[in-house]
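Sequence lines, in order, name chains A and B.
Residue numbering for the first sequence follows numbering that gives the first Met the number 0, starting at 0 and increasing by one per position.
Residue numbering for the second sequence follows numbering that gives the first Met the number 0, starting at 0 and increasing by one per position.
I should point out that these hints are in silico values taken from the structure, not numbers from a laboratory.
One thing to keep in mind: the hints can contain errors.
Taking lysine-lysine pairs in the DSSO-like style, the calculated list, with each CA pair at most 30 Å apart, reads [what the hints assert, rightly or not]:
hint, chain 1, residue 1, chain 2, residue 2
1, A, K90, A, K117
2, B, K127, B, K75
3, B, K75, A, K117
4, B, K167, B, K127
5, B, K127, B, K175
6, B, K127, A, K117
Quick partial rundown of chain B residues pointing at chain A, CB under 8 Å, derived from the structure [as the list claims (entries may be wrong)]:
hint, residue
7, L20
8, A30
9, Q41
10, G43
11, L61
12, K63
13, N68
14, L82
15, I87
16, E96
17, A107
18, S126
19, T128
20, L129
21, D137
22, M141
Idealized CB from N, CA, C, for every residue including glycine.
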Amino acid sequence: MARTTNKKLEDTRAAMAKKESSIPFQMAESKTQNQTKATLDEALVFTMLCIVGLPVEVQVKDGSVYSGIFHSANFSHGVVLKKAKKIGEGKHGGNVPLGSFQDTLVILSQDFVQLLVKDFALTPEGDMNSTNVKEGTLTKSIANSNQVENKSIVSKEKVCMSDVKVPSCINAPSTNGNGQSKVMAKESKLNPSARAFSPSIAKPRPVTTVVPPIVNPYNAPNIKSVGTPPPNGAYNIVPPHPFVSDKPLLYNNIYPVNGGVTPAYSQPILGCQATNVYPVGVANQYRPVQIAPTYMNPNAPSVMAARTGPAMCMHPIPQVGVQGAPIPQAWPRTMFNPYPHNVPRFQGVPPVCMTPPPMTNVSPPIIIPGPMPIAPTLRPVQSIMVPTGAGTFPMKL
Amino acid sequence: MAAAGGEELAVGCIVALRTTLGDDVQGQIIAFDRLSNLLVIQEGAAANANANAVPTRRNLRLIKANYINHFSLLAKGDDPLHLHNCFIDLGLIHARENAALRQAHLDAERIGVGVTAEAQSIFDALSKTLPVRWENTDILVMNDIRVCSPYLPDNVSGGAPAANERVKKVLDSERKRLQARGPGQL
Numbered sequence: 000m001a002r003t004t005n006k007k008l009e010d011t012r013a014a015m016a017k018k019e020s021s022i023p024f025q026m027a028e029s030k031t032q033n034q035t036k037a038t039l040d041e042a043l044v045f046t047m048l049c050i051v052g053l054p055v056e057v058q059v060k061d062g063s064v065y066s067g068i069f070h071s072a073n074f075s076h077g078v079v080l081k082k083a084k085k086i087g088e089g090k091h092g093g094n095v096p097l098g099s100f101q102d103t104l105v106i107l108s109q110d111f112v113q114l115l116v117k118d119f120a121l122t123p124e125g126d127m128n129s130t131n132v133k134e135g136t137l138t139k140s141i142a143n144s145n146q147v148e149n150k151s152i153v154s155k156e157k158v159c160m161s162d163v164k165v166p167s168c169i170n171a172p173s174t175n176g177n178g179q180s181k182v183m184a185k186e187s188k189l190n191p192s193a194r195a196f197s198p199s200i201a202k203p204r205p206v207t208t209v210v211p212p213i214v215n216p217y218n219a220p221n222i223k224s225v226g227t228p229p230p231n232g233a234y235n236i237v238p239p240h241p242f243v244s245d246k247p248l249l250y251n252n253i254y255p256v257n258g259g260v261t262p263a264y265s266q267p268i269l270g271c272q273a274t275n276v277y278p279v280g281v282a283n284q285y286r287p288v289q290i291a292p293t294y295m296n297p298n299a300p301s302v303m304a305a306r307t308g309p310a311m312c313m314h315p316i317p318q319v320g321v322q323g324a325p326i327p328q329a330w331p332r333t334m335f336n337p338y339p340h341n342v343p344r345f346q347g348v349p350p351v352c353m354t355p356p357p358m359t360n361v362s363p364p365i366i367i368p369g370p371m372p373i374a375p376t377l378r379p380v381q382s383i384m385v386p387t388g389a390g391t392f393p394m395k396l
Numbered sequence: 000m001a002a003a004g005g006e007e008l009a010v011g012c013i014v015a016l017r018t019t020l021g022d023d024v025q026g027q028i029i030a031f032d033r034l035s036n037l038l039v040i041q042e043g044a045a046a047n048a049n050a051n052a053v054p055t056r057r058n059l060r061l062i063k064a065n066y067i068n069h070f071s072l073l074a075k076g077d078d079p080l081h082l083h084n085c086f087i088d089l090g091l092i093h094a095r096e097n098a099a100l101r102q103a104h105l106d107a108e109r110i111g112v113g114v115t116a117e118a119q120s121i122f123d124a125l126s127k128t129l130p131v132r133w134e135n136t137d138i139l140v141m142n143d144i145r146v147c148s149p150y151l152p153d154n155v156s157g158g159a160p161a162a163n164e165r166v167k168k169v170l171d172s173e174r175k176r177l178q179a180r181g182p183g184q185l
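Just chain A, same shape as in the assembly:
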């Protein structure tokens, strides 16, 4: 019985290794099924994943510049920034006050012009094995130091772009974050000839299905979208009452800035799909979120998403700015050149930005069953395995 089981395991491993050797990515669907389908450029996908969590600046078509932490992107819908604030005023005022912090900012794709990541090199200068290689760049030395037997399980936790060499740190569970992977990477460096550990196939790691970015309603007080909402109401306005269940938060459509209608969600969002992720324009497909409003401005023509933490007042404020924070007359920190516009320094204005809730009460990631439907206008793409905070799931490209 044991011999039969072992033989089956060996056969399975051999079959998987053979299959995986021809596929650079471990995908949920067969690659042949997607060969004729449009896919995002792999280098673009790699780039997007590398810049997740980095501070970026995004410029929109009216010249406004927003800075924040890059969270995810769906270039058929928009770019999602966390802890974002407007640092450059454009032609049009927009619905985001200059200098105010937004927990989540969605910049619609029709308004997106460019994204800038400062002091970040995707390619190393000179030698590929240079020690000056930054995170997210090629680490050839690490990639070649270990081999992994079971790529299917490994790829669920790390995107491996090589069909041969995979670092041993891939085996670190995503739920443990960075710690275990660092330890294993360190061990591999200490003992390059050490055999990499690969988890048994008999105990596969739990894999969640493809889920779109979802939001943690208890930690995402204010969500803003830059751009016009679709007239069909694809982006639901969050009413000021608690929702029934904990599902992705719908973001508000306040003050359409620029024209454009975004259709229903049709393409997955690239990036780490963990907590505090907001689906762009997919409100209808999610159950509402359990949210309790804490602050609502009765004069606001429209409201932000209700939340547990301090809310963001969204009413038009004639004078806005980050109180106390010097608003530069120019934008020396930015690389963009928005429309010339003297930015006044506002003082003594009632506060617009309230401190966001502490990050400690981050709820665990919310798992949405089933993959996102793909709009008929976009062809399904290949998926890569991207882990969430609670597990792993394949992510469609």
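Dock chain B against chain A, hints included.
Using the frame of chain A, we list chain B on its own:
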């Protein structure tokens, strides 16, 4: 993008372009995605066509090709990315994002709400040497000593006498330093 016509933007080429918003960018093309019409350019010393050029910052830009106004090819080059050797540590990315969010949260808490620029400057100066936090429009030092508007040494109250004096001295010196730096800094 009118300048590019319908041609493929060759990966690896070093180009100089200008956006419709007036930004001049020079760098090496990392990727071009037709589906999203996005161009990924790596700026920096390695991307400079002229070896004697002043080293620029290594920035990464994702530009929508629709907004490229002017485009010129400076040099040809190989694909800088070898995707077969690339891997991404998603756990590290998660950790990095969480750390960045925590830091952003802390940075946001440092910003006073309803305070003047001068007050913010004073707060920032005090925070270099003392543990401070905002409490409405008051600066709370060491959770004990309060500095009220207009944030003069005379507005320092609370705490032990020694600590109070210390805060007053630090506040006074920081105000003088800010004044010496320039009237515009206050």
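How the hints compare with the structure:
1. Taking the CA atoms of K90(A) and K117(A), the gap is near 24 Å; set against the 30 Å cutoff, the hint holds.
2. A threshold of 30 Å between alpha carbons decides the hint, and for K127(B) with K75(B) the separation of about 48 Å lies outside it, so the pair is violated.
3. Restraint check for K75(B) and K117(A): satisfied, since their Cα atoms lie roughly 24 Å apart, inside the 30 Å limit.
4. A C-alpha spacing of about 15 Å is found between K167(B) and K127(B), which places the hinted pair at or below 30 Å, so the restraint holds.
5. Straight-line distance between C-alpha atoms of K127(B) and K175(B) comes to about 15 Å, which keeps the hinted pair within the 30 Å bound.
6. Distance restraint check for K127(B) and K117(A): the Cα-Cα separation of roughly 25 Å lies within the 30 Å cut-off, and the hinted pair is therefore satisfied.
7. Among the interface hints, the one on L20(B) holds; its C-beta lies about 6 Å from the nearest C-beta in chain A, closer than the 8 Å criterion.
8. For A30(B), the shortest C-beta to C-beta distance to chain A is roughly 3 Å, which falls under 8 Å, so the interface hint holds.
9. Nearest Cβ of chain A to the Cβ of Q41(B): about 6 Å, under the 8 Å cut. The hint holds.
10. At a threshold of 8 Å, the smallest CB-CB gap from G43(B) to chain A is about 6 Å, leaving the interface hint in force.
11. At a threshold of 8 Å, the smallest CB-CB gap from L61(B) to chain A is about 4 Å, leaving the interface hint in force.
12. A hinted interface residue such as K63(B) counts as satisfied when its beta carbon comes closer than 8 Å to some beta carbon of chain A; here the least separation is about 6 Å, so the hint holds.
13. Proximity of N68(B) to chain A is violated relative to the hint, the smallest CB-CB distance being about 11 Å (cut-off 8 Å).
14. Given hint, L82(B) at the interface with chain A, holds; its Cβ is 5 Å from that chain's nearest Cβ, closer than 8 Å.
15. Against a cut-off of 8 Å between C-beta atoms, the interface hint on I87(B) holds, since the closest Cβ of chain A lies about 5 Å away.
16. Because the beta carbon of E96(B) sits about 3 Å from the nearest beta carbon in chain A, less than 8 Å, this interface hint is met.
17. Contact between A107(B) and chain A, as hinted, is supported at the beta carbon level, the nearest pair being about 5 Å apart and thus within 8 Å.
18. For S126(B), the suggested interface contact is broken, since its CB lies about 12 Å from the closest CB of chain A, more than 8 Å.
19. Checking T128(B) against chain A by beta carbon gives a least distance of about 19 Å; that is not within 8 Å, so the hint is violated.
20. For L129(B), the interface hint is violated, since its Cβ never comes within 8 Å of a Cβ in chain A; the closest pair sits about 17 Å apart.
21. Using the Cβ-Cβ criterion of 8 Å, the hint placing D137(B) at the interface with chain A is not satisfied: the shortest such distance is roughly 12 Å.
22. With a least beta-carbon distance of about 20 Å to chain A, the hint placing M141(B) at the interface is violated under the 8 Å criterion.
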